[in-house]
Amino acid sequence: MAKSVETLQAESEIRDVQRRYCRGVDRMDFAMVRDCFHPDAALDYGDSDLSVDEFVGWAEPGLRTYSMTTHFIGNQLVEVSGETAWAEHYVVAYHRCPAAGGVPEHDFICNFRYADAMERRDGQWRIARRVLLVDSWRRVPLDDLGPGPTMKPGRRDAGDLSNAMR
Amino acid sequence: MPKSIDDLLAESAIKDVQLRYCRSADRMDFDLYRTCFHPDAVLDFSFFTGSVDEFMEMARESLARFTVTTHATANQLIEVDGDCAWCEFYTTATHRIAADGNGPERDYVAAVRYIDRMERRDGEWRIARRQCVLDWARSDPVPEYCDGAKTGGARRDSSDPSYSR
Chain A
1 MAKSVETLQA ESEIRDVQRR YCRGVDRMDF AMVRDCFHPD AALDYGDSDL SVDEFVGWAE
61 PGLRTYSMTT HFIGNQLVEV SGETAWAEHY VVAYHRCPAA GGVPEHDFIC NFRYADAMER
121 RDGQWRIARR VLLVDSWRRV PLDDLGPGPT MKPGRRDAGD LSNAMR
Chain B
1001 MPKSIDDLLA ESAIKDVQLR YCRSADRMDF DLYRTCFHPD AVLDFSFFTG SVDEFMEMAR
1061 ESLARFTVTT HATANQLIEV DGDCAWCEFY TTATHRIAAD GNGPERDYVA AVRYIDRMER
1121 RDGEWRIARR QCVLDWARSD PVPEYCDGAK TGGARRDSSD PSYSR
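These protein sequence lines are chains A and B, in that order. Number 4 in my numbering belongs to position 4 of the first sequence; there are no gaps in the numbering. Just so we're on the same page, my numbering is the position in the second sequence counted from 1, plus 1000.
Some hints here could point you the wrong way.
[What the hints assert, rightly or not] One-sided and incomplete, this derived list gives chain B residues near chain A with beta-carbon spacing under 10 Å:
| no. | residue |
| --- | --- |
| 1 | 1045 |
| 2 | 1083 |
| 3 | 1087 |
| 4 | 1106 |
| 5 | 1159 |
Since the hints were made in silico from the structure, they are not lab data. Built from N, CA and C at the ideal position, the CB exists for glycine as well.
The task is simple: from the sequences and hints, build the whole structure.
Shown next, in the form of structure tokens:
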């Protein structure tokens, strides 16, 4: 069956939720992260279902152990069914790990999939249930092969230049 | 507020600008490059700040230093507000560098974000102001089994197969 315009709108809004989630995590903007979830959402990141508060309480100190993260979104498969939807987002997540405990600075690179039950409530699509699936990961050492061009560094807080452009 | 059809159309046009920008860089297509910008656009890459003309000059010179580039855009977050939009485009820019005094043949991979103010003028969305922010970079030597010649005819100019329509 051909997609309706309403389906396109829903898909676009659902994909935006994942884009905001990644921006929220990468800029450590936890208000933006929280806004991706319904208040009663259940998040399974490996062990058991976490509430949104529990998830943020776990993710925030974890993210602080990295000097930078980048969550690159690839495939975004969305199946809308009225006020609910299923979504699967592929993400390649780069985590720059500072030298620690004798291990030199390196990149921790993960192939993630986020499988979501989305719900539209009061006109807003948000995540009602999320499972993080880790397909593969590797730690890759950094080769010191000379510097690249100097560019403005990104920041992981509200001081990031992206906020100055609004 | 739910998105309108106009929002969807604007986002689609804006995303195309970024895809054309990447294609322009990777195919060194400077005519296409120019179509991404309003004439009075300002580009700020930190190591470079300037007008569209100055940017073209810089890009011509710096792109020539690499044997291949690939600007792969992933996340495209867009907030449309009338005839303006704020955009953030995640991009991995892979630059292949030939062996030189600084090291062996290698890939310089930069994770950048383009932060744009897009404007719609005369119905056309283009970049009015662009900032480029570097989140991280890495350099990896190119293994011997990667033979640049066996790439299916990919070129950095208009003889690339993608130009035959």
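Does residue 1087 of chain B pass the interface check with chain A, least Cβ-Cβ distance below 10 Å? 9 Å, holds
Against chain A, with CB atoms and a cut of 10 Å, does the hint on residue 1106 of chain B hold up? Constraint on residue 1106 of chain B satisfied, holds at 5 Å.
Would you settle whether the hint for residue 1083 of chain B is holds or violated, based on the nearest Cβ-Cβ distance to chain A being less than 10 Å? 16 Å, violated
Given residue 1159 of chain B was flagged as interface, is its beta-carbon under 10 Å from a beta-carbon of chain A? Given a least distance of 28 Å, the restraint on residue 1159 of chain B is violated.
Are residue 1045 of chain B and chain A close enough, Cβ to Cβ, to be under 10 Å, as the hint says? 6 Å, holds
In summary, the structure is inconsistent with hints 2 and 5 from the numbered list given earlier, while agreeing with the others.
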